[in-house]
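For this one, chain A is given, so just place chain B on it according to the hints.
Here the protein sequences line up with chains A and B, keeping their order. By our numbering, the letter at position 179 of the first sequence is numbered 179, and the numbering carries on one by one without gaps. By our numbering, the letter at position 15 of the second sequence is numbered 15, and the numbering carries on one by one without gaps.
In case anyone wonders, no lab produced these hints; they're calculated from the structure. In this text the structure is predicted, and so the values were computed from the model without any measurement. Don't be surprised by glycine CBs; every beta carbon is placed ideally from N, CA and C. Heads up, a few of these hints could be off.
Label pairs and their in silico Cβ distance ranges [as the list claims (entries may be wrong)]:
1) A:Glu232 to B:Leu201: 33 to 39 angstroms
2) A:Ser9 to B:Met194: 37 to 43 angstroms
3) A:Ser117 to B:Ile200: 22 to 28 angstroms
4) B:Met194 to A:Ala174: 48 to 54 angstroms
5) B:Met73 to A:Thr42: 27 to 33 angstroms
6) B:Leu159 to A:Glu220: 41 to 47 angstroms
7) B:Leu218 to A:Ala279: 52 to 58 angstroms
8) B:Ser263 to A:Thr42: 56 to 62 angstroms
Partner residues are not named here, just some residues of chain A that face chain B (Cβ under 8 angstroms, in silico) [what the hints assert, rightly or not]:
9) Asn54
10) Leu67
11) Leu98
12) Arg141
13) Gly148
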Amino acid sequence: MPIAFEQVSHIYSDGTPFRYQALYDIDLNLKEGKITAVIGQTGSGKSTLVQHLNALLLPSSGTVYVLDRKIEAGTRPKGLKSLRKDVGLVFQFPEYQLFEETVLKDVSFGPKNFGVSEEDAAKKSLEVLKLVGIDPSYAERSPLELSGGQKRRVAIAGILAMDPSVLVLDEPTAGLDPQGTIEMMKLFKRLNQEMHKTILIVTHDMEQVYNYCDEVVVMEHGKVKLQQGVDEFFSHPEQCIELHILPPDIIRMKTMLREKGFRIGDEIRDVQALAKCIARQVKHG
Amino acid sequence: MGNFTLGRYMPLDSPVHKMDPRAKIGAMLIVMIAVFFPSGWTGYGILFVIAAGMILLSRLSFKFIWKSMKPMMFMMLFLMVINCFVIKTGTLVLTLGSFTIYSDALLQTAYIVVRLLLMIMITTCLTATTKPLDMTLGIEDLLSPFRKIGVPAHEIAMLISIALRFIPDLIEETQKIMKAQESRGVDLKEGKMMERIMAILSLIVPLFVSAFQRADDLANAMEARGYAPGETRTRYKVLKMHRRDYILLLGAACVLACMIWLSYFR
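This is chain A alone, in the form it adopts within the complex:
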């Protein structure tokens, strides 16, 4: 069983006036080897949900299954360390986690904690730094003097260096410039396709969901409202409206064109293909 939630609830500060229930009886199955997007409004429980995956948060009730490990409410989970190595969690604005003197040392920090030797960790770190697009000449610089975007990359490299088989990203592109966002998303797609990593992305950006993800999980008020394949999800405009979700531009464009009488096939996914299709129909009437 890859990743599953069974009747999982989570309550913060139970037994105090600050009590807050963030998750209500979540049942969820996530497919291995896919990119799944978790979407939903602020406060819908997305972040709480993903923090259960490496047992940073433990369920108040219910059971979480992650890669043949079982995390049950009310019990101390065993093998926490190996779980955290296998499930890499990148938090929102992860750049604050940087603390070492050099970029290389910071990226090696994770693997070294999991018992990888100094040399192997450094080798792996250089590899992932290249992967996230940080030039090796930066390796000996202090991570605190890098630019915001570079810090983000280094922080993500710090998780990738642990070589997790499941990668969980909480709004990884928030605050990045458009070019950086595209590069980042392409990287995740590559990790998924070439290294077969299971990826979970919390995001607000429907363009990202549409262009890079396989599945969507919609959260609302601490419950899973919907779980669907991306193509199916966006093929029902009414459903998106009902969920207060603005579909990607291309989808809205396709919907409008169809209303005007154009015949637009479902296989058209990007602007170029759409333009060609329109041109053809305009030419031939």
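Just chain B now, kept in the frame of chain A:
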């Protein structure tokens, strides 16, 4: 971190919550002074009943008070050990080899422990029922008479309120960083000496970086909105003393008088 209750505001609805912060601070100071009079067990008994009454009136649970006391346990134990070594008067209670404990040592410790407990109960009554911001307003008002002799009342109040304002943020930040580093395999609870030092370092460095960043941002934001220390400012919330506030102060004064009487005139 989440269990840390000492000095935390509890959003409840009680008569004590509605009282004027100036009256509450004043009354607390007066009762605190009363605690330090050597009024004997009768006096402590009375004070204890009054403090417990205030807690009940504030609708706080005794469990909450008990939790606030926990961090002090170590200090109390420490005091007892010191007293046992230093005080060698009264009757002999216990002999362990060459180590002896005398009755006065235990009595002294008991006095200090009772005073500490009373102080925690009384201060908790204040901090748990008064919003930090109201507290600062109260402190500013109480300090303002001293402005004539050069006490920067407003600046002190602003400092305190900013510091208080950032405590929850910093706690949240700490938890966030802890989680991020735990995800990178940091074990903050166990491990070898070197590993633990690294673990603490991985927490403190980012915390400092973000604290300075925040301070910088806040200073800029305040200046951008024309904040100038020392200028007269009007207030959004104007404090007003009611009858219950005068009763509270009067009550506190009575307690103090009672303790003085118990200590010296009996």
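request  = Let me know if the C-beta of Gly148 of chain A comes in closer than 8 angstroms to any C-beta of chain B, holds or violated.
outcome  = 12 angstroms, violated
message = Hint validation: Leu67 of chain A versus chain B, beta carbon distance must be below 8 angstroms. Holds or violated?
response = 15 angstroms, violated
inquiry  = Taking 33 to 39 angstroms as the stated bounds, is the beta-carbon spacing between Glu232 of chain A and Leu201 of chain B within them?
reply    = Check failed, 48 angstroms falls outside 33 to 39 angstroms.
ask   = Regarding Ser263 of chain B and Thr42 of chain A, is the given constraint of 56 to 62 angstroms on their beta-carbon distance met?
value = 59 angstroms, holds
query = Is 27 to 33 angstroms right for how far apart the beta carbons of Met73 of chain B and Thr42 of chain A are?
reply = 40 angstroms, violated
query = Does the Cβ distance between Ser9 of chain A and Met194 of chain B fall inside 37 to 43 angstroms?
reply = Holds, at about 39 angstroms.
task = Go ahead and decide if the range 41 to 47 angstroms is satisfied by the Cβ distance of Leu159 of chain B to Glu220 of chain A.
result = For Leu159 of chain B and Glu220 of chain A the Cβ distance comes to about 43 angstroms; the hint holds.
ask   = For the hint on Arg141 of chain A, does the least C-beta distance to chain B fall short of 8 angstroms?
value = For Arg141 of chain A, the interface hint is violated, since the closest Cβ of chain B sits about 16 angstroms away, which is over 8 angstroms.
message = Hint Leu98 of chain A vs chain B: min CB-CB distance below 8 angstroms?
response = Holds - the Cβ of Leu98 of chain A comes within 8 angstroms of chain B, reaching about 7 angstroms at its closest.
task = Using 8 angstroms as the Cβ threshold, decide whether Asn54 of chain A counts as touching chain B.
result = 6 angstroms, holds
ask   = Using the C-beta atoms of Leu218 of chain B and Ala279 of chain A, is the stated range 52 to 58 angstroms upheld?
value = 55 angstroms, holds
query = Is it true that the C-beta distance of Met194 of chain B to Ala174 of chain A lies inside 48 to 54 angstroms, as the hint says?
reply = 35 angstroms, violated
The structure does not agree with the numbered hints 1, 4, 5, 10, 12 and 13 stated previously, though it agrees with the rest.
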